[in-house]
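Position chain B relative to chain G; hints supplied.
Protein chains: 2
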Amino acid sequence: MLAAVAPRPVAPFDLDSWSRERLNQVERALEAWITADAPQGVDHGAPAALVEAMRYSVLDGGKRLRPLLVLAAHEAVAADGHGCPAAALRAACAVELIHAYSLVHDDMPCMDNDVLRRGKPTVHVQFGEASALLAGDALQALAFEFLTPQDDSVPCTVQARLCGLLARAAGSAGMAGGQAIDLASVGLPLTENQLREMHQLKTGALLQGSVVMGAHCAAPSAQALKGLEAYGAAIGLAFQVVDDILDVTADSATLGKTAGKDADNDKPTYVSLMGLAASQAYAAQLLQQALDALHASGLADTRALQALAGMVVHRAS
Amino acid sequence: MLAAVAPRPVAPFDLDSWSRERLNQVERALEAWITADAPQGVDHGAPAALVEAMRYSVLDGGKRLRPLLVLAAHEAVAADGHGCPAAALRAACAVELIHAYSLVHDDMPCMDNDVLRRGKPTVHVQFGEASALLAGDALQALAFEFLTPQDDSVPCTVQARLCGLLARAAGSAGMAGGQAIDLASVGLPLTENQLREMHQLKTGALLQGSVVMGAHCAAPSAQALKGLEAYGAAIGLAFQVVDDILDVTADSATLGKTAGKDADNDKPTYVSLMGLAASQAYAAQLLQQALDALHASGLADTRALQALAGMVVHRAS
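Heads up: the sequence lines are chains G and B, in that order. So the mapping is simple: this note's numbering equals the position in the first sequence, first residue as 1, plus 133. So the mapping is simple: this note's numbering equals the position in the second sequence, first residue as 1, plus 133.
Source of the hints: derived by calculation from the structure; they are not laboratory data. Be careful, since some hints might not be right.
[As the list claims (entries may be wrong)] So the derived list for chain B, only partly shown, Cβ under 8 Å to chain G, looks like this:
#, residue
1, Met241
2, Glu262
3, Asp270
4, Ala303
5, Gly310
6, Leu323
[Stated by the list, open to error] Which chain B residues stay away from chain G? Per the calculated CB distances, all over 12 Å, these:
#, residue
7, Glu154
8, Ala186
9, Leu198
10, Lys253
11, Ser354
12, Leu424
13, Gly431
14, Asp434
15, Ala449
[As the list claims (entries may be wrong)] Derived Cβ-Cβ restraints for the label pairs, each shown as a range:
#, chain 1, residue 1, chain 2, residue 2, range
16, B, Gly431, G, Asp284, 26 to 32 Å
17, B, Val381, G, Leu406, 54 to 60 Å
18, G, Arg251, B, Asp147, 26 to 32 Å
19, B, Glu325, G, Ala355, 57 to 63 Å
20, B, Ala449, G, Glu185, 22 to 28 Å
21, G, Asp284, B, Ala449, 43 to 49 Å
22, B, Asn246, G, Gly320, 25 to 31 Å
23, G, Asn326, B, Asp147, 54 to 60 Å
24, G, Asp399, B, Leu406, 49 to 55 Å
25, B, Val319, G, Glu185, 16 to 22 Å
26, G, Asp384, B, Val381, 52 to 58 Å
27, G, Ala352, B, Arg188, 36 to 42 Å
28, B, Asp147, G, Pro288, 40 to 46 Å
No experiment lies behind these values; they were computed from the predicted model shown. Glycine included, each C-beta is placed from N, C-alpha and C at the ideal position.
Chain G on its own, in the form it takes in the complex (with noise of 0.2 Å):
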């Protein structure tokens, strides 16, 4: 006769001690591949100077939120198998080098002009336009490199995968295109749907990119896949609406960055647009959507997804 079996307890997910350990993995790996070394038979190394500006920007800053997204995607799906953690890691890493040109090109004069991030000064500032504008060039190019190890680590059909789902993220219909679309909108007034695009493209692209990366250094199922666009898409628009909300609600010292910025600018944002409430309960209801998305991916263990978006939703900066 069996011993009956008391049901085990579902342990809480525990997002920060999850997020600690994959974070570790993450800024490790940046730190030792953000360098000035030639690889072993290359004749040339990267010029120290810009490599610094590189570092600067990336190395010691910031909430890792794609980093994170890649990774938690990747795990969700590897749960059925077939995953890739060395994909992974690379993916997570080459999502933050984006996100990171992408601030730093903001930040400079002929743009944002804005002096303070991450609660130092702008690489612009630090380093001088020229080597902000490289810096930046840089490290999207690094991104790639990221996903295209010469070692046999990372399958080639992954890491052709990945180079296009990134760059489409990335380029002019994806983050350089909301970005285009945002300065081009300044002053402006624009209805809900317009700003939703512009966020969809300039923000959204590279949050749900991260997601579909991670997912594609396994072997995701159509149903997966879908569910997690769905939950990319989602929480990419939350994300911006809530940082709307932040530029009013929250403090300079808390944020970061100079708060106040959009008003300021006469950027349109949700806050302007629908007002505060009717922004919070948007991000809300955004939130929802996530986490339907991931009840119809039919994935076992989402847990750490829908961690994410409610840190999303509900973050202080």
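Only chain B this time, still in chain G's reference frame:
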């Protein structure tokens, strides 16, 4: 009894005619692929204003040397079989996008502050600084989009290889790194070795990368690859030596950009370091090195590559 066969006369190689056909192909592809249209089944296209600045910087201008090097190297290797013309055309366009983005950013006020390029106002003069910054950023991403088509026209192994080669040629240990050295060396005395190292990164890496990418669109032997790498290194350096010569011997109308700029900016050049006659002799010596490398490659027909090397050294602009 066999009829005596007269040796078939070797047709002289006509670079103009060879180039014309390939340039048409490249122009048509760039024209068709740099577009604001969203691909089928995708929500977002790119904003029209951004795409206009991207097209302005790429279309109807330039010698297209890098695309021609890609196509010539591919043809030389593919003559033994296993070529992929679709990959070669995409790689040809991708290296031109990287070249175009580097010119857009290099012309900006915080870099060379140049107002004339290919006989037209530079991008930041025409569209504003912020748009020039974003157009350059988007062109770099688009290069990697070109290399990762979502149909099955280019094998994943080739896509991954091309992305890796392009990222390394464009990044901190390639073109962007060379520009950083260039920036840091204005007004400083450089030795010939330091000047060579700067140019090997700034100009040489992408020219050599074009040759090597073209080769990898087919299936090069180790001997062929070694020869083509040496050829690419020699013409990469020759290109810059000749650029320095033309900066003092040609006028702005012929160059399509501001002549005498390097001397005005107190930039070190081969001419300022070695004098004009020695620079001309050095260019001739590099041409011979390039031709010797092609001979050593063991490839059967390298006439296009030979002719392109001659064009690099004997060009008037």
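So, going through the hints one by one against the coordinates:
1. Interface restraint check: Met241 of chain B against chain G, minimum CB-CB distance 7 Å, threshold 8 Å, status holds.
2. Nearest Cβ of chain G to the Cβ of Glu262 of chain B: about 4 Å, under the 8 Å cut. The hint holds.
3. Against a cut-off of 8 Å between C-beta atoms, the interface hint on Asp270 of chain B holds, since the closest Cβ of chain G lies about 5 Å away.
4. Hint status for Ala303 of chain B: holds, given a least beta-carbon distance of 4 Å to chain G, under 8 Å.
5. Hint status for Gly310 of chain B relative to chain G: holds, with the closest Cβ pair at about 5 Å, below 8 Å.
6. Checking Leu323 of chain B against chain G by beta carbon gives a least distance of about 13 Å; that is not within 8 Å, so the hint is violated.
7. The non-interface label for Glu154 of chain B is consistent with chain G: the shortest C-beta to C-beta separation is roughly 29 Å, beyond 12 Å.
8. Its closest Cβ contact with chain G, about 8 Å, brings Ala186 of chain B to no more than 12 Å, contrary to its assignment away from the interface.
9. With a least beta-carbon separation of about 20 Å from chain G, Leu198 of chain B lies farther than 12 Å from that chain, consistent with its non-interface assignment.
10. No beta-carbon of chain G comes within 12 Å of the beta-carbon of Lys253 of chain B; the shortest separation is about 20 Å.
11. Interface exclusion of Ser354 of chain B from chain G stands, the closest Cβ pair being 19 Å apart, more than 12 Å.
12. With a least beta-carbon separation of about 22 Å from chain G, Leu424 of chain B lies farther than 12 Å from that chain, consistent with its non-interface assignment.
13. The claim that Gly431 of chain B is not at the interface with chain G holds, since no C-beta of that chain comes within 12 Å of its own (minimum 22 Å).
14. Distance to chain G confirms Asp434 of chain B as a non-interface residue, since its nearest Cβ pair spans about 29 Å, more than 12 Å.
15. Residue-level check passed: Ala449 of chain B sits 30 Å from the nearest beta carbon of chain G, beyond 12 Å.
16. Distance hint for Gly431 of chain B and Asp284 of chain G: a CB-CB separation of about 28 Å, consistent with the stated range 26 to 32 Å.
17. With their beta carbons about 57 Å apart, Val381 of chain B and Leu406 of chain G fall inside the hinted range of 54 to 60 Å.
18. Separation of Arg251 of chain G from Asp147 of chain B is about 58 Å and departs from the stated range, judged on CB atoms against 26 to 32 Å.
19. In this structure, Glu325 of chain B and Ala355 of chain G meet the distance hint of 57 to 63 Å, their C-beta atoms being roughly 59 Å apart.
20. A beta carbon spacing of about 40 Å between Ala449 of chain B and Glu185 of chain G contradicts the range 22 to 28 Å that was offered as a hint.
21. The supplied range of 43 to 49 Å is met by Asp284 of chain G and Ala449 of chain B, whose beta-carbon atoms lie about 45 Å from each other.
22. Restraint check, Asn246 of chain B to Gly320 of chain G: a C-beta distance of roughly 28 Å satisfies the suggested window 25 to 31 Å.
23. For the pair Asn326 of chain G and Asp147 of chain B, the beta carbons lie near 56 Å from each other, so the given range of 54 to 60 Å is met.
24. A C-beta distance of roughly 51 Å is found between Asp399 of chain G and Leu406 of chain B, which places it inside the suggested range of 49 to 55 Å.
25. A hinted range of 16 to 22 Å holds for the C-beta pair Val319 of chain B and Glu185 of chain G, which are about 19 Å apart.
26. Range check, Asp384 of chain G to Val381 of chain B: Cβ separation about 57 Å, and the 52 to 58 Å hint holds.
27. A hinted range of 36 to 42 Å holds for the C-beta pair Ala352 of chain G and Arg188 of chain B, which are about 38 Å apart.
28. For Asp147 of chain B and Pro288 of chain G, the Cβ-Cβ distance of about 44 Å falls inside the hinted range of 40 to 46 Å, so the restraint holds.
The structure does not agree with the numbered hints 6, 8, 18 and 20 stated previously, though it agrees with the rest.
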